[in-house]
Amino acid sequence: MNKPLLSVRDLRIDLNTRLGVLHAVRGISFDVAAGETLCIVGESGCGKSMTSLALMDLLPRVASRSAQGITFDGQDLTRRRIAGKLRGRRMAMIFQEPMTALNPAFTIGDQMVEAYLYHVGGTRAKAVDRAVQMLEKVGIGSARSRLGQYPHQLSGGLRQRVMIAMALMTDPELLIADEPTTALDVTIQAQILRLLKDLQQELGLAIILITHDLGLVSRIADRIVVMYAGAIVEEGTAAEIFDRPAHPYTRALIDCIPQPGKTERGAPLGTIPGVVPSLIGRQDGCAFRDRCALAGPRCANDIPTQAAGSHRWVCIHGGRA
Amino acid sequence: MSYLLETVGLTRRFQVSQGMFKPKARLHALNGVDLRLKKGEVLGIVGESGCGKSTLAKILLNLLAPSEGKVLLDGRDIATLGRMEFTRRVQPVFQDPFSSLNPRKTIADIVTMPLRVHGIGTGAERRKRAASIMDMVGLPARFAERYPKELSGGQRQRVAIARALVMNPDLIICDEPTSALDASVQSQILNLLMDLKRELGLTYVFISHNLSVVEHLVDQVAVMYLGRVVELGTTAQVFDAPQHPYTRALLDSALTVAPGQGVPDIGLGTAFPNPLAIPPGCPFQPRCPRAFDLCSRVRPQPVDVATGGAACLLTQEPLRGAA
Chain A
1 MNKPLLSVRD LRIDLNTRLG VLHAVRGISF DVAAGETLCI VGESGCGKSM TSLALMDLLP
61 RVASRSAQGI TFDGQDLTRR RIAGKLRGRR MAMIFQEPMT ALNPAFTIGD QMVEAYLYHV
121 GGTRAKAVDR AVQMLEKVGI GSARSRLGQY PHQLSGGLRQ RVMIAMALMT DPELLIADEP
181 TTALDVTIQA QILRLLKDLQ QELGLAIILI THDLGLVSRI ADRIVVMYAG AIVEEGTAAE
241 IFDRPAHPYT RALIDCIPQP GKTERGAPLG TIPGVVPSLI GRQDGCAFRD RCALAGPRCA
301 NDIPTQAAGS HRWVCIHGGR A
Chain B
322 MSYLLETVGL TRRFQVSQGM FKPKARLHAL NGVDLRLKKG EVLGIVGESG CGKSTLAKIL
382 LNLLAPSEGK VLLDGRDIAT LGRMEFTRRV QPVFQDPFSS LNPRKTIADI VTMPLRVHGI
442 GTGAERRKRA ASIMDMVGLP ARFAERYPKE LSGGQRQRVA IARALVMNPD LIICDEPTSA
502 LDASVQSQIL NLLMDLKREL GLTYVFISHN LSVVEHLVDQ VAVMYLGRVV ELGTTAQVFD
562 APQHPYTRAL LDSALTVAPG QGVPDIGLGT AFPNPLAIPP GCPFQPRCPR AFDLCSRVRP
622 QPVDVATGGA ACLLTQEPLR GAA
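First to last, the protein sequences are chains A and B.
The letter at position 232 of the first sequence is residue 232 when you use the working numbering, and the numbering goes up by one with no holes.
Converting from the second sequence to the working numbering requires adding 321 to each position, the first position being numbered 1.
Hints listed in this document are in silico derivations from the structure and should not be mistaken for laboratory results.
There's no promise every hint is true.
Pairs of lysine to any residue residues, derived as SDA-like cross-links and limited to a Cα-Cα distance of at most 25 Å, are as follows [as the list claims (entries may be wrong)]:
#1 A:LYS262 to B:PRO580
#2 A:LYS197 to B:GLU497
#3 B:LYS345 to A:GLN149
#4 A:LYS197 to B:VAL438
#5 B:LYS343 to A:PRO60
#6 B:LYS359 to B:PRO344
#7 B:LYS426 to B:THR401
#8 A:LYS197 to B:ASP573
#9 A:LYS197 to B:GLY581
#10 B:LYS345 to A:LYS197
#11 A:LYS262 to B:GLY583
#12 B:LYS518 to A:PRO273
#13 A:LYS262 to B:ALA562
#14 A:LYS137 to B:PRO344
#15 A:LYS197 to B:PRO580
#16 B:LYS518 to A:GLY266
#17 A:LYS197 to B:VAL337
#18 B:LYS360 to A:ARG265
#19 A:LYS197 to B:GLY588
#20 A:LYS262 to B:GLU497
#21 A:LYS137 to B:LYS518
#22 B:LYS379 to A:LYS197
#23 B:LYS343 to A:THR107
#24 B:LYS470 to A:PRO60
#25 A:LYS137 to B:GLU406
#26 B:LYS470 to A:HIS152
#27 A:LYS262 to B:GLU362
#28 A:LYS262 to B:HIS530
#29 B:LYS426 to B:GLU446
#30 A:LYS197 to A:ARG79
#31 A:LYS197 to B:GLY583
#32 B:LYS379 to B:GLY522
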């Protein structure tokens, strides 16, 4: 692979709670190449959203971040002055719920122009032209008149299009999308995802997409990172993860969802017994072993990462099933 | 053939404020919905936001009265049934187990509440009944004295199911019962619902926007669009051979696991359905990739509840009527 656009090494996020330090993210490393789609997938509490917030320096106050290195295009993102220049300009983010991410008291035009003037500068007229151009790019008709509208005047799908247009105002190279379509209807979801893919081709965008939806991931990811209890348990291309899942957690997760045409209608679905372990305190060995059918005594030791080409997994059962 | 549940021409209108000095608009949340459900079957209701599925759930639970039409339970209008008799036979499971359980009551209190309301049994008998129901839904007995906040989302949804089952009802209305849950927990709850149905001969109305889940679980499907049933049939009919272009679009947009297949172009355009301004003719016509000139003038016949099918001019031989 060429030099990655974004490189994250040993990222850790700790939250101070009354019960002790909660290790939400436990030393994860990944790269994103220019123009590629990386999906981070996992269930609630696995640390996927914390990871995206950490990249944009948006973590809540109680959280602390440490890393061996986070670099964007070779520049050190852990240094506040450098991050401040890149974030919102060369890296942009869109959130799950466009109604809460947009300010209800300002027109969408004001909100779109604000970031552009802050990061790029120039005249307001130029920024407004750029906003119109971006709204047209995301498929919003009569864009100039839309600029005067408030978020509540738009439907959910339109609001998410506005969010995407807003993120693209500064011509970023990396777009981080945290559950961008979870609040939307299925038909609108399909349209928004197609739009993202089209824009990615046209603009050469790299996308980090965070989601719990395996179906969505299987269709748009170039590479997938599966997270469990704050750590990466498996990483690979969409074909590797879905056709030859190597980690028992990935396999179990795929078996949990009904797959039309594959799962017999009405047949029992796969389940994962037990619950996610507490993230407070140390975790020795494999975090999944209490719920894993293959678990043995060796799973309590440190688990080395195994690899076959780009496909990597953290399980001693080497287990390509 | 008698049906456990039958709706006849259900219509519900709301007056919606348009702004301080503007006249109120009339919103048709439901428009002539006919459905039938036999005992022991599962009826799935699918559709997008604003299609009326939640309004339908409220009416089926007798929490909201229809503007027109009626709901029959075993042939009797539920408006004439007493509240007590109705709640003994029909129970809900709602979407969000975080807001549907009283945070200040213990699990045992929550599960025995319906028995207390109905004055059934002594305290000891109620606790025994609650214990056996909790066992049935897979809740350990030690949870009885715990509070909802101590439970995970999946466990809370099991409590909600236990509360619904404690009265031994005939019909359970599930309104998005797994939408707030993770995939691994969702599969547990779906398996539980299927097991309970087999063991207790339950009948479900299952409302969901997740098509894969609906396809997996239900016997009959009603597809709703802007307050109307646009397609009705068995799971095989609707999922294997959809007739209405909207059903087809819904199925195409469901992102099933298919590595490398990408996201399909469903060709619906960017028009958004507005329940306040339902277009003349076919309500789906502004988004329909197969619309033709008649569609904007002629309203398709509603789906015949006896035979099923689609409310679409393409399948209703419109030219004969128009000629």
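For each hint, the structure was consulted:
no. : hint                 : result
1   : A:LYS262 to B:PRO580 : holds, 14 Å
2   : A:LYS197 to B:GLU497 : violated, 30 Å
3   : B:LYS345 to A:GLN149 : holds, 22 Å
4   : A:LYS197 to B:VAL438 : violated, 55 Å
5   : B:LYS343 to A:PRO60  : violated, 43 Å
6   : B:LYS359 to B:PRO344 : violated, 43 Å
7   : B:LYS426 to B:THR401 : violated, 32 Å
8   : A:LYS197 to B:ASP573 : holds, 17 Å
9   : A:LYS197 to B:GLY581 : holds, 13 Å
10  : B:LYS345 to A:LYS197 : violated, 41 Å
11  : A:LYS262 to B:GLY583 : holds, 19 Å
12  : B:LYS518 to A:PRO273 : holds, 22 Å
13  : A:LYS262 to B:ALA562 : holds, 17 Å
14  : A:LYS137 to B:PRO344 : violated, 36 Å
15  : A:LYS197 to B:PRO580 : holds, 15 Å
16  : B:LYS518 to A:GLY266 : holds, 11 Å
17  : A:LYS197 to B:VAL337 : violated, 38 Å
18  : B:LYS360 to A:ARG265 : holds, 20 Å
19  : A:LYS197 to B:GLY588 : holds, 16 Å
20  : A:LYS262 to B:GLU497 : holds, 23 Å
21  : A:LYS137 to B:LYS518 : violated, 50 Å
22  : B:LYS379 to A:LYS197 : violated, 39 Å
23  : B:LYS343 to A:THR107 : holds, 22 Å
24  : B:LYS470 to A:PRO60  : holds, 23 Å
25  : A:LYS137 to B:GLU406 : violated, 57 Å
26  : B:LYS470 to A:HIS152 : violated, 33 Å
27  : A:LYS262 to B:GLU362 : holds, 23 Å
28  : A:LYS262 to B:HIS530 : holds, 20 Å
29  : B:LYS426 to B:GLU446 : holds, 19 Å
30  : A:LYS197 to A:ARG79  : violated, 31 Å
31  : A:LYS197 to B:GLY583 : holds, 9 Å
32  : B:LYS379 to B:GLY522 : holds, 23 Å
Figure legend: structure checked against the earlier numbered hints; hints not met, in rising order: 2, 4, 5, 6, 7, 10, 14, 17, 21, 22, 25, 26 and 30.
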